[in-house]
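Protein chains: 2
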Amino acid sequence: MLWFVGAGINGYRGLSLAAVEVLKKCDTIYVERFTSLLSDSDIRGIESVAGGGNTKAVHVQRWFVEDGREILEAAKTKNVALVTYGDPLIATTHSELRARAARNSIETQVLHGASGISAIMGESGLHIYKFGRTVTMMSEPKSAISVYNTVFDNLLAGAHTLILTEYRRDDDNDNNKKGLFFLDPCQAIRMLLDVERDQRYGIFSEETFVVVASRVGSDDQRLVSGRVKSLAGVGFGEGPHSIIITGALHFTEEDALAALTVNLDSPSPDNTRAVRRMSAQMVERYAPKAKEAVQQMRNILRQDGGGSNSSGEGKNNKGMFEVLDNAEYYISDAERFLSQGRHELAVLSIGYAEGLIDALRFQKGINPWNP
Amino acid sequence: MLWFVGAGINGYRGLSLAAVEVLKKCDTIYVERFTSLLSDSDIRGIESVAGGGNTKAVHVQRWFVEDGREILEAAKTKNVALVTYGDPLIATTHSELRARAARNSIETQVLHGASGISAIMGESGLHIYKFGRTVTMMSEPKSAISVYNTVFDNLLAGAHTLILTEYRRDDDNDNNKKGLFFLDPCQAIRMLLDVERDQRYGIFSEETFVVVASRVGSDDQRLVSGRVKSLAGVGFGEGPHSIIITGALHFTEEDALAALTVNLDSPSPDNTRAVRRMSAQMVERYAPKAKEAVQQMRNILRQDGGGSNSSGEGKNNKGMFEVLDNAEYYISDAERFLSQGRHELAVLSIGYAEGLIDALRFQKGINPWNP
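Here the protein sequences come in this chain order: A and F. For what it's worth, this note's numbering labels the leading residue of the first sequence as 1, then goes sequentially. For what it's worth, this note's numbering labels the leading residue of the second sequence as 1, then goes sequentially.
Think of the hints as simulated: they come from the structure by calculation, not from any bench. One should not assume that every hint holds.
It does not matter which identical chain is meant; a pair holds if it fits inside one copy or across any two.
What the hints assert, rightly or not - With a straight-line Cα cutoff of 25 Å, these simulated DSS-like cross-link-like pairs (lysine-lysine) come out:
(1) K142 with K229
(2) K78 with K24
(3) K24 with K56
(4) K25 with K78
(5) K142 with K25
(6) K229 with K76
(7) K130 with K76
(8) K364 with K291
(9) K142 with K318
(10) K25 with K56
(11) K318 with K24
(12) K289 with K229
(13) K76 with K56
Bound conformation, chain A alone:
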């Protein structure tokens, strides 16, 4: 039997009563430390609650869990527990090990623990249903691009983004805190500002409102919220850190941010306002230009038509005025659709209006568009 035991986020004291009962009957206890904040004293704590020294808790490194063979072999004949930080199945490694066990007819059970992700969302006072996809930011620059895109998608939907930032234990046998690498929140934000300079979706600026959650679950947990420019000077201390880019805020969320975090700026700025769909950008840019082009074309046709006889060119121009009338209707439609959030119809309409105008342009060989 293989037990996946979540230690929660309060050191070994995050273990549930149900988990302690299970550990007491286990022959072998592995404690995974790579993705974990469990210290040497936590290991001793696990041993003491498991039965006062009869069962040893063994530190294992990531490769040991990824390899998994020794764990699975032991679990075939003995009661084996794998203790991990947080909720055990959040890490893909553990979930995959469980599937392998099942395929090898080794029974598994999971004792869930408090999850860091859930705790961070809750501590922020933001509504959990308003979080979009969660993403992890590593220190390599490429990672920032995918984080940036996830934040963009979430903001378009008005949703918050939880960004977990890299932390790793560089020397698994060393409990010295210097062995832990944490990506600093200020560096992470700078990386996102760099991506903004390239991508220009208008997500990140000095005015963007963010929440930085540090060491959630530990005694010196701290949440700081404010605009990017206000956070620049803040020392966030040791990790793990995570960053929340807020979407549209409900007033109870604003109240919670003000009351429950170290709040440096009013939580009222809505980060979604700066983010415009490409469709909205198109209609906002093209509609005024198209209106001008219609006017320009009307003037040209009037001069042109006035100079000719009542038949011939003049007669043709009459049909062209009908085309321009329609173009104007569709420009208004595009603006109305945009205001209704019907983005595809808005783009279709502005494209259609441009086509109407340009058909005349091709026929008359004149350009009504201002550069």
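Got chain A; can you put chain F on it based on the hints?
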């Protein structure tokens, strides 16, 4: 001092060691039951771990927590705990109470517990980073529409959707299971199929692959996965239930679904395939029609131009052929942009092509579009 204590998802045995230490020093313990699965025997369990009967654990109903005045008043002078199912700050009610406490200078602390949401995601074997926005489905039909839209948004991003389904305790003083109302997963799925009939985004059909997670955290937890048509005959038993609509699946997720759930159909169907953006639907529907209209218009102009002299109408028609050539270029552009995932440009191009064609239609007073 007001402690928010998460009981986790294993009855009172889901309490962490840290939570038990806190409960032991509390003068008053409120146990919230509305959003909770804590039974009478769990209440007795909480009392026994808190100090063997010296401190009573008091059932409280939802209105009592929402009102909150008695809790806050007590917390001004005493150590008060509010024990809730799962992770305490997931419920907005608790988060708001905490903000109110902070504004009234009442110190608060949170003991996180295993969260049902995190546990369900983990038990499914799906990767947590691939879940989009989580949504709750109530039994009233209107709720199904917003669930449907959330699933659509998530599928467009390739993401999974966790749908929590309604459960409530109709009589808070009655621990009889008949007092619990659970939305049946089959009914929830039928409601979503009904919305599909109206909205026609192509999300839900008998072939859609879903995971139903029932009673996660309890001893008779069960996860069933398969196509909608296969789930129709399954009795899911008592709740709480939740439903996962999978997005694009990684092969390790397929393996996990096959190994860790009662798997009725191969997890290979990709639910995102059926979901087409409105922009794609537009271009796919309009491009062939526009091609036909161009052809139709060419034929009309050729007959028209052939019957007239080399000047006049015929000369004008020549400019019109240039317009039709351009329409064809833009139809191809629309199809190319679509294949590149540049949806806005695809819609803009097809709209433009239609405008070019229709300018001629308005001028000539003829309709080249097949009904």
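Handout entry: Hints breached by this structure
Key = 5, 6, 7, 9, 11 and 12
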